[in-house]
Structures are given as C-alpha cells and as structure tokens.
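Chemist: Sequence:
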Amino acid sequence: MTTCANLEKLSVKESLKAEHIGKKVKLSGWVRTRRDSKAGFSFFELNDGSSMKSVQVLAPNDLSNYESELLHAGIGCSIEVEGEVVESPGKGQATEVKATCIKVLGGCDPASYPLQKKGTSFEFLRTIAHLRPRTNSFGAVARVRNQICKSIHDFFQERGFIYVHTPIITGSDCEGAGQMFKVTTLDLQKPPLKEGTKSGEINFEEDFFGKATNLTVSGQLSGECYATALTNIYTFGPTFRAENSNTSRHLAEFWMVEPEMSFCNLEGNMEVAEDFLKRIFRDVLNNCEEDMKFFAERIDKTVLERLTHIVESDFVRLSYTEAVDKLLKSGQKFEFPVEWGIDLQSEHERYLTEQVFKKPVIVYDYPRGIKAFYMKLNEDEKTVRAMDVLVPGVGEIIGGSQREERLEVLETRMKESGLNPEEYWWYLDLRRYGTVPHAGFGLGLERTVQFVTGMANIRDVIPFPRTPKSAEF
RNA sequence: UCCCGAGUAGCGCAGCGGUAGCGCAGGUGACUGUUAAUCACUUGGUCGUAGGUUCGAAUCCCACCUCGGGAGCCA
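Note that our numbering has the first sequence beginning at 1331, numbered continuously upward.
It should be emphasised that the hints constitute simulated quantities derived from the structure, not laboratory data.
Among the clues, some could well be false.
[What the hints assert, rightly or not] Pairwise CB distance ranges (calculated):
1) T1514 <-> G1422: 52 to 60 Å
2) K1343 <-> P1522: 51 to 59 Å
3) Q1446 <-> G1530: 51 to 59 Å
4) E1802 <-> I1351: 41 to 49 Å
5) V1739 <-> P1667: 25 to 33 Å
6) P1793 <-> E1338: 26 to 34 Å
7) K1347 <-> T1514: 48 to 56 Å
8) V1739 <-> G1671: 17 to 25 Å
9) R1579 <-> T1514: 24 to 32 Å
10) L1516 <-> H1483: 31 to 39 Å
11) V1766 <-> P1522: 38 to 46 Å
12) D1605 <-> L1737: 25 to 33 Å
13) Q1446 <-> P1521: 45 to 53 Å
14) D1605 <-> N1708: 22 to 30 Å
[Claimed, not checked] With a straight-line Cα cutoff of 20 Å, these simulated EDC-like cross-link-like pairs (lysine to aspartate or glutamate) come out:
15) K1354 <-> E1414
16) K1656 <-> D1673
17) K1745 <-> D1759
18) K1480 <-> D1613
Ideal Cβ positions, reconstructed from N, Cα and C, are used throughout, including at glycine.
Given the sequences, and given the hints that come with them, work out the whole structure.
Modeler: Structure follows, in structure tokens:
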C-alpha cells in the first residue's frame, strides 16, 4: 500500500499554469491515458474536470509501485499524485508534474470500461449517461452550463431582482402550456371512485393533497404573485411537459428562468430580454475560453463568431404583422403557407432569423387567437402584447409578454380559452387588489446551452435527459 | 403523434440470397520524452426481437421494439 506525504492540493487547471513551476504539490483525478517509455518512466494524462486540458504526470520507474500498480493503471483509474510542477521539455504543454508518489485509489478494467481514448458517438454516450461526464465534450458542456447559470443569477441579482422559489407540484390543472404529469399517491390498481358517477371518475379528494395535482409547466403565475409585491423577481428551476415530443429541442424535464417585472411594459420586457441574453453570451466568451475553443473546433465552427456577433449587435424588433409581410414578400416557398393569423412555423422563424436578418429577432404583437390568455390585449383587440426572441440555429429561445392587468378583460380571455376563472381566484385577486402593468418572459436553459455550445441535441446539454421512453439514469 | 432512415464484435462501420469482415478499443511482444504514439501478432459476433418466403436469410417480406433526422406542440 502506497502512502504519500501531505502537500498543498492543486487542481489540474492550476497545475497547468507556469506560475506554479517549482512547487511541490498534490493532485488527484482520473487517468485519461498512459504512455510508457522504455527510457525509464511513464506518462499519465490526469484530468479532474477543473479544465478541458489534462496535466501530464511523469512517473519514473523507481516509484515503489511502478511495476506492480502503475503499469496496469490506465484510462478511467482514479489516482492521487504527489510531485513537483516542472517546466515540460516535451511539446504541447508548458508544465508537467514530476511525480514522487502515485497512489492508485480506484482501478478500472480497460476491457469492460466503455469509454475509449478515441471519440465515441453522442448516441452511444447517452446509453452511458453516468460515465459520459468523463469525456471532453460533456465536461465542457457541464462547465459552460454552470457558467450560464451563474450569469443568470448575477444578471438578476445585480439588478435587484428577488429570486423566488415557485412550487414544483401545482394544483392548477392548466397553466396554459401543454400536457402535465400527474402527481398522486393513489393506488393505481384500484383508485377511489366518485360516488354516484357511472363513468367511474377518480375521486381526487382522497388523494394526498385532496385534489388533483401535477408537476409544474411554468412558475409564471406564482411568480406574478411575488412580482406584484416585490416588483422585480425571477424564478429558476425545473419544469415538466408530458408532451410526446421527439425532437432535438425538447425535454420532458427542463430548466427555465422566468423573470417577472411590475411597472413594466412590453418594450421594457424586450430590453431586459436582450440585455439578459447578451450578458450570458459575453460571460461565456470571457470565462469559458478553453471550452468554447473546443466547441468551435469539434462541434460547431460558427459558435464563437455567432456569440460575438450577437453581443455586439442590436436585436431586430418587428411586429408579427411586419414579419408576416416580410415572409409573404420574400418569394420563399414554405411547406406551410404564411397567412396573417397563423402561428409562425419553425421554418418561418428560422428564415427570419437565419436568412433575412442573420441575428436574433424579436417578434411581437401576435394575434390573440394563438397566444395564452394572460397576455395583454392591444387596443386593436386583434393582437396581444406577446414577444418571442428567435435566434439562428435554435429558433424560439425566449417567449414572453406584457400581462393583462385588467380584471374584466382577463376574465373574458380566460373564458375564451375554456378556463374557469373561479379556479384562478387567487390569480385574479392580483388584478382586484392594486393591479399594475407587468411583464415577464421565460428562457429555456437547455436551449440556451445548446445555442451557446452548438451542441445539436438537447439531450446532450442536460446531465440526465428525460424524454419519452427514456429515464434510465 | 406523423414522415423518413438505421439497428452486424465493447465502439465506428462494410457486407445486401450461398458457411460472418475491416478500423479502433482489449490482450501479448517490440520500440520510443511520449502526447488520439508507432509496428507485429492476437482474443472477441446465435448480424435488434418474433414470425414468414426459400434447398439456403445478416441480406427478401411482415409485425413489434429501440435509436437518429425532420415535422407538430413548445422553452
């Protein structure tokens, strides 16, 4: 059993910096590869996730466990290294660590270990989601995702927004955003039935909460409650959609940021949305240089210029009516013909943002018939104060609106949408007591990570994706 | 959910009616301040599952399952 002395601990990221040359340090991590030299030593590539790059550890053959352990420690093994950071005589790195002691903490059988030195497909890596963070790609995605989350909090915190935790389990049977997952503790084999009903309806009064409950599809309605007291708030947490969507842009469980601002109209909403996205992109460019270089080289060549371009340019703003006009006059043939009143299809959105403007586009003032009940009705009574931010490659990344603050109009709109205003008594109270103009939007975290990294499939930007027929890990 | 496409060794793929192949990974050996190291030899597969056609099916037909691309729904 090898034991090492107690030295200052250094991350792999730090050990790569020339300023540490001459220091005696301790490192730990996982072996990426081992290369042996007959000249009397072996090289270990050691990675601990602190950076894309691994550090080269030089293991001389006079280490006591060299023959017995180190020559058998390859990809996947966890090791602890003590040694000196030295200038590297080899090409490809400024520093390396000359080991005085290497302890193998956990072995790894190379014959059965699924990861290889050579690249494997993302499809295969999805089947080993528990091990894929050990690859360069998923390490980079995790670090960039972390930076984006930090920027989200920084942006709002610096502006005095209050972070509000809205519930994950909700009693609203519809929040205006798609199919929901049911939450119940009832016995699914023989659920209690309502008395006197022939059809055998389930009696949710006997359920845990005494009513039917679901996983939230949006924190917006709860967020509005806090915004109409604390002025500016944001929610940031998981949301759930039980839609049978099988695409590279949809998840059943995903994270969403939803700011809500009182005393704010649609223009203010659009300004915040634009500043917000630019802040995230700027932070990633400044703080994740190494990872972004990797994405530019291996995943999507355009990723750096795309982000830089967006940070430096103004978003295009055009009304839905103008957008339809532009599409009609484009001469472009679409699978779905354009006509005022229809919802814009993916192909239309992408044509606008990718072909016409080549930068983010904010489309606003959509027809009332295709948007949610809570969006403020314009004076023309045909359109609502909704806005979508469209970006090249991903399409819709933000959806938001100024909210309807007039009680009567909101009630009418609810009924139009087939909702029962009585069930939303608490939401309507916000309009009964001290109502104010307010607005907000939702940003899908995973789509943002996709856009920033250029990763083609949304299943590869969340650690453990939940999609139809898939929840293994 | 709909329309395409694909499921052959641990991974990436070829074979497309006549007794299963390549590259990488793994193993052994050689060589080397190496860096996706290189060279030689080598282990490994009831060809997604279940039916059918045929003397004979990885190959043709049917169903199902899973995965991928696109669409719808949306973030």
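Chemist: All hints, please: hold or fail.
Modeler: Against the structure, the hints:
{"no.": "1", "hint": "T1514 <-> G1422: 52 to 60 Å", "verdict": "57 Å, holds"}
{"no.": "2", "hint": "K1343 <-> P1522: 51 to 59 Å", "verdict": "57 Å, holds"}
{"no.": "3", "hint": "Q1446 <-> G1530: 51 to 59 Å", "verdict": "55 Å, holds"}
{"no.": "4", "hint": "E1802 <-> I1351: 41 to 49 Å", "verdict": "45 Å, holds"}
{"no.": "5", "hint": "V1739 <-> P1667: 25 to 33 Å", "verdict": "32 Å, holds"}
{"no.": "6", "hint": "P1793 <-> E1338: 26 to 34 Å", "verdict": "31 Å, holds"}
{"no.": "7", "hint": "K1347 <-> T1514: 48 to 56 Å", "verdict": "54 Å, holds"}
{"no.": "8", "hint": "V1739 <-> G1671: 17 to 25 Å", "verdict": "20 Å, holds"}
{"no.": "9", "hint": "R1579 <-> T1514: 24 to 32 Å", "verdict": "30 Å, holds"}
{"no.": "10", "hint": "L1516 <-> H1483: 31 to 39 Å", "verdict": "38 Å, holds"}
{"no.": "11", "hint": "V1766 <-> P1522: 38 to 46 Å", "verdict": "43 Å, holds"}
{"no.": "12", "hint": "D1605 <-> L1737: 25 to 33 Å", "verdict": "32 Å, holds"}
{"no.": "13", "hint": "Q1446 <-> P1521: 45 to 53 Å", "verdict": "49 Å, holds"}
{"no.": "14", "hint": "D1605 <-> N1708: 22 to 30 Å", "verdict": "24 Å, holds"}
{"no.": "15", "hint": "K1354 <-> E1414", "verdict": "4 Å, holds"}
{"no.": "16", "hint": "K1656 <-> D1673", "verdict": "15 Å, holds"}
{"no.": "17", "hint": "K1745 <-> D1759", "verdict": "17 Å, holds"}
{"no.": "18", "hint": "K1480 <-> D1613", "verdict": "9 Å, holds"}
Consistency note: the structure conflicts with none of the earlier hints.
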